[in-house]
Structure formats: C-alpha cells, structure tokens
Amino acid sequence: MIGVLRAAWVIARKDLVVEARSRELLYTTLFFALSVVLVFSFALVRGADDLDINKAVDATLRSQMAAGILWVGIAFSGTLALGRTFERERQAETLRALLLAPIEHTAVYLGKLATLLVLMVGVELIIVPVVGFLFGAPLAASPWILIGLLGTGTLGFAAVGTLFAAMLVRAHSRDVLLPVLLYPIAIPVVLAGVRGTAAIFAPEADPATAFMWLTMLVFFDAVFVTLALWTFGPVMGE
Amino acid sequence: MTTTSFDFDTVEVRDVSKHYGRRRALAHVSLTGRGGEILGLLGPNGAGKSTLLSVLGTLMRPTSGEVRYGGKLSHEIGDALRGRIGVLGHDLFLYGDLSARENLEFFGRLNGVAALGARVDRALEDARLTDRARERVSGFSRGLRQRLALERALIHDPRLVLLDEPFTGLDDASCTALADRLRALRASGVLILMATHDFDSADGLIDRAWCLHNGRAHLLDAPAGAESLRDRYRRALQGAQA
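Protein sequences appear in the order of chains Y and P. In this text, residue positions in the first sequence follow the working numbering: the first is 1, and each later residue adds one. In this text, residue positions in the second sequence follow the working numbering: the first is 1, and each later residue adds one.
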C-alpha cells in the first residue's frame with residue numbers, strides 16, 4: 001500500500017495531465033471569471049464615477065467593489081470547476097476504480113482538492129491583475145497579506161466545495177444542488193476574503209484589519225479541511 | 001508484485017442479502033470459492049449478479065450476512081484487502097484522455113506495483129496493445145478498451161478477480177485469448193468470479209456456476225454427458241421459477 005499523500009499526488013498528477021491535454025476546465029473557468037469581472041466593472045465603476053460626491057468616498061467604494069467583484073469571480077468560477085472535477089470520474093465510473101484501490105479514501109479527496117487549488121490559483125493569477133487594472137486597486141500595497149488572503153480563502157472554498165462535489169456525484173440535479181449547498185457554508189470564507197481584501201485595497205491600506213481577516217480564514221480552513229477529511233470516507237462509502 | 005502483505009486462498013459468502021430500500025437485490029446467497037477456480041454467475045438481467053460482485057469487491061456492504069476472505073471479514077483486513085482484488089466492471093474504469101500506457105501506470109502506482117515499467121510492458125503485451133501504447137484510449141474500439149481494462153484489473157496481480165461480462169465487445173480471437181488468459185490465471189492459483197451471459201465463451205471455462213434469480217443463487221447441476229452450459233442454465237432457471 002502507498003501512503004495517503006503519495007496516493008493524493010498520483011491522483012492530482014493524473015488530473016493535471018488530463019487537464020493539460022483538454023484545457024477544458026482552465027479555459028471555461030477563466031473565461032467565466034473574466035466575464036464576471038468585466039461585466040461588474042463596466043456596470044459598477046461607471047456608476048461610482050457618476051456619484052462623484054466625494055473623491056475619498058468614491059475611492060473607498062471603488063476598493064470595496066474591487067474586493068467584492070474579485071471574490072465573486074473566484075467563487076463563481078470555482079463552483080464551475082468543482083462540478084466538472086468529479087464529473088470526469090463519473091463518466092467512465094473511474095471513481096469506483098479509485099475507491100477500489102488499496103488507498104485511504106481521503107487520498108481521493110486530497111488529490112481532487114490539490115487539482116482544484118492549482119486550477120483556481122491559475123485563474124487568480126489572471127483575474128487579480130485584471131481587477132487591479134480595472135479598479136486601480138493597489139495590489140502592491142501589502143502583497144504578502146493579499147497572497148495570504150487569496151491562498152487561505154481559496155483553500156477554504158475548495159475544501160468545502162470538493163466535499164460537496166463528491167457527495168453530489170451521483171445526484172441527478174447535482175449542477176443545481178452544488179451552489180445551493182455550497183454557498184451558505186462557504187459564505188464566511190468569501191466574506192472574510194472580501195473584507196480582508198477591501199482593507200488592503202482601501203485608499204489608506206489597513207494591514208492590521210486585513211491580517212485579522214487572514215487569521216479568521218486560517219481558522220475556517222482548519223475547520224473545513226478537518227471536517228472534510230473526517231467525513232469524506234463515510235460519504236464515499238456505497 | 002504489490003507491496004501489500006495480506007493474502008488469502010478462500011472466499012466465503014455466507015447468507016448474504018442486499019436490499020435497496022424495499023427492493024431485494026440479493027436474498028440469502030451463500031457460495032464458496034478457492035484459489036485456482038473459475039466460478040460463474042449466470043442469470044437474467046437484474047438478477048443481482050453485479051450487486052454480488054460489488055459486495056465481493058468491497059464497494060457495497062451486505063444488508064445482512066457476511067463475506068470472509070481467508071476467514072477474515074473485510075473490515076478486519078482494512079484497505080490492504082482491495083490490493084488483492086481486481087475488478088473488471090461493465091464500465092471499464094479507463095480514462096479516455098490518457099494513453100493505454102498512462103492508464104496502466106496510473107492504476108499500477110495507486111496499487112503500489114513495484115518495477116512498474118516492466119509490469120506495464122508485460123500488461124501491454126498481454127493485451128496485444130504494445131504498438132498502440134501511446135494512443136489515447138478515447139480512440140480505441142470497445143474491444144480494445146475491454147482488453148486494456150482486463151489488464152488494468154490485473155496490473156497488481158490480484159488473488160480474487162471479479163469480472164462482469166468480460167467477453168462484451170470482443171471478437172472471436174480476443175474471446176479465445178481471454179479464455180486462455182483466464183485459464184492461465186486459474187493455473188496460477190487465482191480465484192475468478194465471472195458474471196456473464198456469453199454461454200458459448202464461458203462453456204468449458206467455468207468450474208462451477210450459480211444461476212441467480214430474484215436475488216437467490218441456485219448451484220447448477222454437474223453436466224450430464226455432453227450437456228452444454230446453456231442447457232444446464234435453462235434447467236436451473238426453470239427450477240428456480242417453479
């Protein structure tokens with residue numbers, strides 16, 4: 001038998017090879033994330049300019065919108081990727097083959113989570129600069145805290161999303177059920193990400209507040225990953 | 001060879017029942033198999049053959065009864081048990097976007113197969129796919145995929161092999177090759193349990209067979225003279241329906 005982490009790596013590497021060949025998930029999630037960011041930016045940035053009551057208020061509003069739109073793009077595109085991650089294993093019933101292998105079932109979860117993280121980080125590498133450009137967000141103000149917020153927020157969202165995607169893999173209306181189940185649970189992660197990112201993007205960056213939200217995201221990650229690892233085995237049984 | 005140390009020689013199904021809600025898929029099924037045997041599961045569609053294979057493959061838990069591998073229950077053995085079971089299902093468990101070699105390497109790694117490169121080369125030879133090893137499986141015919149899927153199921157040298165309709169999609173030469181392969185596995189001490197509707201291909205290959213009907217298993221009588229497997233099955237099915 002091979003260890004959990006090695007099995008997870010084998011599964012993640014297989015998924016990444018398949019994705020590198022088809023690029024199906026990368027292109028669809030990236031296109032969707034960019035569409036969300038562009039639509040919101042054209043709709044809201046002009047609206048904020050029209051307000052023009054006070055330049056300071058306008059800048060604060062703009063930074064909050066940038067943070068919100070960035071995380072909406074991440075959450076929506078992540079949901080799209082989540083559904084397809086397990087759909088691929090369903091097509092030829094290869095999920096059963098993974099469950100038949102002499103590995104701990106949590107390795108399947110960790111492998112899928114790793115694949116999703118790589119994909120979502122790839123999308124973020126494109127849409128974060130786009131949001132910075134469109135909204136004039138100061139990406140370089142506190143880069144390490146921003147990277148920490150994006151990293152922990154993405155991990156928390158993907159951790160709980162991967163579990164739900166696995167639970168729904170045999171449900172007929174899984175595409176509808178996934179966001180319905182996922183968003184109420186993932187809202188604390190998205191909110192913490194938005195508030196932390198807004199604190200960094202503000203005209204007068206507030207790293208202390210951003211760090212507080214980062215700490216909260218680390219806490220959410222610990223809870224979500226632990227719960228997912230604990231429940232994935234029973235969820236996959238039968 | 002795999003790195004797992006667990007091994008067993010007998011499989012015993014004791015009074016196993018499986019219910020899906022109110023529907024009964026298996027009812028008090030009992031059978032025993034030993035290494036070096038090929039056992040047949042025959043029966044009409046929906047008789048419970050695939051369910052029994054899933055129970056034996058540890059993918060399902062029986063509602064009642066137990067399955068013992070070398071005298072032990074699956075939960076007493078743990079994950080290592082799955083390293084001694086090979087499953088060829090009706091779905092072939094292959095990734096269309098990976099090549100034949102990559103599929104075998106992937107499942108070999110998951111099963112902890114040592115000297116993987118040489119083992120995969122041998123599996124490709126056995127599947128007669130060496131010259132197409134680098135082609136994506138999505139471009140293969142059903143027969144080619146079936147041959148590859150069998151090698152995928154055997155890549156870790158399992159002790160118990162569960163086959164669900166293994167002759168599906170195979171041409172005559174491939175059916176003969178598969179039968180020869182199964183005889184070789186039997187000679188090496190592997191226990192094979194096969195669900196099939198292909199009586200012609202299975203005739204002369206199966207040592208003992210059960211007819212499943214409405215979830216119940218009926219052992220087929222020994223052949224009377226030159227009686228074919230199909231005739232024995234029909235006689236068993238009539239007895240079960242009576």
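Be a bit skeptical, because a hint or two may be false.
[To be verified] Among the chain Y residues that face chain P by a calculated CB cut under 7 Å, a handful are: (1) V4; (2) V10; (3) K14; (4) L16; (5) R21; (6) S22; (7) E24; (8) L26; (9) A92; (10) I103.
The set of hints was computed from the structure by calculation and includes no laboratory data. As the structure is a computational prediction, the values presented were derived from the model and not from experiment. Backbone N, C-alpha and C define an ideal beta-carbon position, used for all residues, glycine too.
Output the indices of the hints that this structure fails to meet, ascending.
1, 4, 7 and 8
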